[in-house]
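Protein chains in written order, with my numbering: chain A, 1372 to 1621; chain B, 39 to 368; chain C, 2 to 306.
Worth flagging that the hints you see were computed from the coordinates, not collected in a lab. A few of these clues could be false.
Claimed, not checked - Over 12 Å on every C-beta distance to chain B, these chain A residues come out as not near it, computed from the model: (1) Ala1432; (2) Pro1462; (3) Asn1469; (4) Pro1536; (5) Leu1563; (6) Tyr1591; (7) Ala1602.
Claimed, not checked - Distance condition first, Cα-Cα at most 27 Å in a straight line; then the derived DSS-like pairs of lysine-lysine: (8) C:Lys297 / C:Lys241; (9) A:Lys1537 / A:Lys1562; (10) C:Lys112 / B:Lys295; (11) B:Lys295 / A:Lys1487; (12) A:Lys1448 / A:Lys1564; (13) A:Lys1448 / A:Lys1487.
Just so you know, even glycine gets a beta-carbon here, dropped at the ideal spot from N, CA and C.
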Amino acid sequence: MTSLTVTNLCKSFGALKVTDDVSLSVEPGELHAIIGPNGAGKTTLISQLSGQLHCDSGSVAIGDRDISRLTMPERVKLGLARSFQITSVLPGFTALENVALAVQAREGSSFRFFGKVADEARLNEAAMTALSEAGLDRRAHVLARSLSHGEHRRLELAIALATQPKILLLDEPLAGVGGGDAEGFVANLQKLKGRFTIVLIEHDMDAVFALADRVSVLVYGSIIATGTPEAVRNDPEVRAAYLGEEEELV
Amino acid sequence: MTYMTASATHPDRPVLSGRVKAALVLFILFALMPPLASALNDPFYVLIGTRILAYAIAAMALDLILGYGAMVSFGHAAYLGFGAYAVAILQSYGVNDLILQILFAVAISAIFAVVTGAISLRTRGVYFIMITLAFGQMAFFFFISFSAYGGDDGVALAQRSTVLGMDLLGTDYGLYYVSLALLIALFALCHRIVGSRFGRVLTGIRENPTRIEAIGFSPFRYQLIAFVISGCITAIAGVVLANQAQFVSPAFMSWHKSGELIVMVVLGGVGNLAGPIAGAVAALLLEEWLDALSEHWKLYFGIFLVLMVLFSPHGITGLLKKMGIVRGQQ
Amino acid sequence: MMNLFVLQLLNGVQLGVLLFLIAAGLTLVFGIMDVINLAHGVLYMVGAYLIATFAAATGSFWWGLLLTLPAAVVVGLVIEFVVMRRLYARSHLDQVLATFGLVMIANEAVKMIWGTSPLSVPMPEIFSGSVPLMGPLKYPVYRIAIIVAGLAVALGLFIMVNYTRVGMLLRAGATNRDTVSALGVDINRLFAIVFTLGAVLACLAGALVAPILSVDTGMGESVLILTFVVVVIGGIGSIKGAFLGALLVAIVDTLGGVFGPILLRSVLDPSAAGQVGRVLAPMLVYILMAVILFAKPAGLFGRRA
């Protein structure tokens, strides 16, 4: 577990400032939620944290190590894992194989050309552990393309867990997950809380207020408020930004 | 804690995968062919058979990157040429041993593949196809102007290779069975590679490169290594081909040959190693058959190709996509 | 030495202009439709065969050229309608296979129709002969005419791409194909126009070069790969890149073949220099391509890697 510090992060696409001087400080073990209206630049922010996009200026640090210039694979090696808002798994692999590959990435010994990877108990057991933490162990041998939407979201989480991260970046893990399924998923996330430093982007406000230690509100690329869920809920500026859009807040 | 007791491998997984079963059937058929040919009093088939075996090795090697790595290399004939010229060059220095020739062919190919692969893999899609094609042509022109070995006309080989001093390839049957042994050994090698940790990363890159980076792999080095392995195996096919033809020329390396290799892979099925072996058999037999029917067999082969792509509902790759064998590119 | 240099430079420019005519269409097809077309070299060959036929039938190069152009339009439209149109949405692998099939069909069909012996096309009379260039140096008028004609077409293309509505769509399409469909343009018609334009330019190149080359079935092949190199170096979808890439490739190819051995002679003994030079010269353009791609993977003017 370690802290994640974002300092004066900026990113523009042409004339459009998608990330405008964002600073964030996520404590070790904290679950920090980032909320904001559609188009606020939440996914772009996560992409810059994970290294999929590079920022124009500013810095991202894990602990006191500056990672702003590192590539995505390098950041993963340092303990940063992300899940994708739009499911991004290996469709032709089984759920177990998807996760086992992530375990293999963490172990850092993939230039083995002969051993039969499907029979490696160590990889498979670690993968099974991650799958069960995400509540997907019963579907381990199903091809990813045959999983339901809710199961894809769980697989996303399991893959991220399998890299044994210190910091988890979860981009709308609950996107499109309905009713009872969502409740179960929130319970899974609840169990992970405290074991990792977590940055959570989520639209489901019930989930956010149930899980988050602190909440930051992103509007048009800048953070307009950070605080406990209670404080943010009552912040007049936040209420103005959300007025008429997200009734859950009011 | 049920998951700890759950079987790590799939409970229903068969002992032999479909890929291995198909390959075994092919190998048995290959092994039975020469006695059959001599029974039919047509030993010429054994030489044609050796040519098919050589192309089967090459097509399988191409499948390793085309099918498993989603890299459409249009320059693979260059490696056939390296293999063939390795035989000619060493022979001119009095070195006839098959193993040394294979090692030499693999060494040249590895160097060429590392350099050209490193440049080609900085790009993707249409660029990758064109650049591999251009590098293939570069090798082609090199041997065209390499007058010490006959240039454009090529050079005839004085004799077939020997194995550790034994004249195993002296008869057409000997050459055939040594080639078959090579094919089986190389299939086993490729089969192990695609089932290994490395193979899983490579296949993962084909499935979804972004995800592979997000769990901490840099695709480039895995793709490059696969590219090099594929080139080296193709070169071994070239060594066989030189012995079969007892003649070496730049014609082995023309871009048409690269195209034919791709046709074989696709014809047999992308991404399962056994398919391309069957594809090589089918393509070469079709070629022989059309050739016997008409001097303009290339016309019919071309029409066959165009129709095959246009009238399989979503193209061949679409068909395979439906079967879950390959994913569409971009 | 200087004379030889000027002569070879002019030959290089002349080859470059031809390469540009072929590459212009190809780069647009690649850039806008994201389609790989191996059969583009075939069009160049067909252009040469068409003018050989028409010129022989009419007894005049000019009538031949005049008939070749509309015939090229027909060829382009037919290939687009019968094959290419069905390939736009396909994977690159499908495109490679189908257009590879087209190459086999076309090469064989040409052999069946025109036979295997090379044809020749008479030089138009007003362009026969040579003009004095500098000192004792003379240069064939026809080659100068090719350069002028090629540059004129290049200028026309440049104006079309930069100052007309179709050109605006082409540029938008090369950058982002979705934009074009979002503008409410009939994308199928645009593609057909682009492909046919490319086909006509390639046929034109074949027709122009026919009087100074022997027309045979292999002529499309060598040009196709050189054109690929041009497109890759220039950057896919860029007309400007195709123009500069074509001149660069042609001049390096032409001068390298002549001056490579001469330069090598200063470091090696003559026979070795000749040997090495002969081997290296045809590889020069590919080495050039490798170096450029190593520095700029998307080519000189490419937008997408």
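For each hint, the structure was consulted:
No Cβ of chain B comes within 12 Å of the Cβ of Ala1432 (chain A); the nearest lies about 19 Å off, and the non-interface call holds. A beta-carbon of chain B comes within 12 Å of the beta-carbon of Pro1462 (chain A); the shortest separation is about 6 Å. Listed as a non-interface residue, Asn1469 (chain A) fails to keep its Cβ farther than 12 Å from every Cβ of chain B; the least gap is roughly 8 Å. Not every Cβ of chain B is farther than 12 Å from the Cβ of Pro1536 (chain A); the closest lies at roughly 10 Å, contradicting the non-interface assignment.
Look at Leu1563 (chain A): its CB is around 17 Å from the nearest CB on chain B, clear of 12 Å, so calling it non-interface holds up. Distance to chain B confirms Tyr1591 (chain A) as a non-interface residue, since its nearest Cβ pair spans about 27 Å, more than 12 Å. Against chain B, the non-interface label of Ala1602 (chain A) holds: every CB pair exceeds 12 Å, the least being about 33 Å. Pair hint Lys297 (chain C) plus Lys241 (chain C) holds up; C-alpha atoms about 16 Å apart against a cutoff of 27 Å.
Straight-line distance between C-alpha atoms of Lys1537 (chain A) and Lys1562 (chain A) comes to about 15 Å, which keeps the hinted pair within the 27 Å bound. Between the alpha carbons of Lys112 (chain C) and Lys295 (chain B) the distance comes to roughly 20 Å, so the proposed pair stays at or under 27 Å and holds. Restraint check for Lys295 (chain B) and Lys1487 (chain A): not satisfied, since their Cα atoms lie roughly 34 Å apart, outside the 27 Å limit. A C-alpha spacing of about 21 Å is found between Lys1448 (chain A) and Lys1564 (chain A), which places the hinted pair at or below 27 Å, so the restraint holds.
Annotation: proposed proximity of Lys1448 (chain A) to Lys1487 (chain A) holds, straight-line Cα distance about 24 Å (limit 27 Å).
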